Amino acid sequence: EPEVTQTPSHQVTQMGQEVILRCVPISNHLYFYWYRQILGQKVEFLVSFYNNEISEKSEIFDDQFSVERPDGSNFTLKIRSTKLEDSAMYFCASSEQATAYGYTFGSGTRLTVV
Amino acid sequence: DAKTTQPPSMDCAEGRAANLPCNHSTISGNEYVYWYRQIHSQGPQYIIHGLKNNETNEMASLIITEDRKSSTLILPHATLRDTAVYYCIADGSSNTGKLIFGQGTTLQVKP
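Listed in order, the protein sequences are those of chains A and B.
1 is the number of the first residue of the first sequence in the working numbering; add one for each residue after it.
1 is the number of the first residue of the second sequence in the working numbering; add one for each residue after it.
It should be emphasised that the hints constitute simulated quantities derived from the structure, not laboratory data.
You may find that some hints are simply not true.
[Claimed, not checked] Rough simulated footprint, nothing fancy, chain A against chain B, three-plus residues with beta-carbon under 8 Å:
#	stretch
1	5-15
2	65-77
[Unchecked claim] Pairs of lysine-lysine, BS3-like flavour, derived with a Cα cap of 25 Å:
#	chain 1	residue 1	chain 2	residue 2
3	A	Lys42	A	Lys83
4	A	Lys42	B	Lys69
5	A	Lys57	A	Lys83
6	B	Lys110	B	Lys3
7	B	Lys69	B	Lys52
8	A	Lys57	A	Lys78
9	A	Lys57	B	Lys52
10	A	Lys42	B	Lys3
11	A	Lys42	A	Lys57
Treat the numbers as computed from the prediction; the structure is a model and nothing was measured.
By construction, the Cβ of each residue, glycine as well, lies at the ideal position given by its N, Cα and C atoms.
Using the sequences and the hints given, assemble the complete structure.
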């Protein structure tokens with residue numbers, strides 16, 4: 001079964017450093033997403049991306065965050081200057097259509113900011 | 001998006017049916033009901049969705065009441081691997097595919 005692949009599985013970074021989280025969505029999917037989950041809290045939407053541009057973003061997704069699809073396969077989330085409160089699991093997801101079913105999520109990157 | 005209400009936790013004996021309720025009394029006519037689950041901090045996994053009619057797939061069944069104000073996800077023969085947080089989402093207004101997760105129901109399947 002096709003998978004969404006995320007790397008790295010765990011990243012530790014110092015406060016103020018830039019991090020890039022990487023995702024390889026399913027090859028025939030056109031819609032891409034990032035979500036995050038702070039430990040013990042619910043899964044929160046960050047951003048959706050289609051046709052090489054952001055289609056929707058949440059209040060969490062401020063100027064410190066950016067997304068990019070640098071080539072035909074990767075989808076990245078960059079946090080420019082990490083804060084302690086950015087520590088969370090970050091999930092990438094992709095889907096064929098812009099509907100709430102048929103998503104495939106990756107297994108996540110655990111980001112720890114120290 | 002319609003607000004959904006789920007019990008915070010439930011137990012189920014292995015091999016028995018697990019019935020997970022969800023209340024979505026403010027759901028509008030074009031909003032679907034979706035169910036996802038999350039096994040121990042893995043990425044959420046799509047289970048099933050429906051609009052008005054009951055639905056069944058290889059994972060589960062979804063029963064939606066006639067007034068669409070509530071629904072029940074049924075796992076017919078729960079196994080230990082079904083222990084997870086189950087999320088009921090009522091959605092249909094977004095054309096970007098955004099999912100709004102609540103706190104969900106933690107289902108513990110016991111031997």
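Do the alpha carbons of A/Lys42 and B/Lys3 lie within 25 Å of each other, as the hint requires? Answer holds: A/Lys42 to B/Lys3 is near 15 Å, not above 25 Å.
Hinted pair B/Lys110 and B/Lys3, Cα distance within 25 Å: violated, 30 Å
Holds or violated: A/Lys57 with A/Lys78, Cα cutoff 25 Å? holds, 14 Å
Pair hint outcome, A/Lys57 versus B/Lys52 [Cα-Cα no greater than 25 Å]: violated, 30 Å
Taken at face value, is the distance from the CA of A/Lys83 to the CA of A/Lys42 at most 25 Å? holds, 19 Å
Coverage of the stretch 5-15 of chain B by chain A, judged on three or more residues with CB within 8 Å: violated (count 0)
Between the alpha carbons of B/Lys69 and B/Lys52, is the straight-line distance 25 Å or under? holds, 10 Å
CA of A/Lys57 to CA of A/Lys83, is that 25 Å or under? At roughly 19 Å apart (the allowed maximum being 25 Å), A/Lys83 and A/Lys57 satisfy the hint.
Can you tell me if the stretch 65-77 of chain B counts as covered by chain A, using C-beta to C-beta distances under 8 Å and a minimum of three residues? violated (count 0)
Run the distance test for A/Lys42 versus A/Lys57: straight-line Cα separation, threshold 25 Å. holds, 17 Å
Assess, step by step, whether the Cα of A/Lys42 is no farther than 25 Å from the Cα of B/Lys69, and give holds or violated. holds, 23 Å
Checked against the numbered hints listed earlier, the structure breaks hints 1, 2, 6 and 9; every other hint is satisfied.
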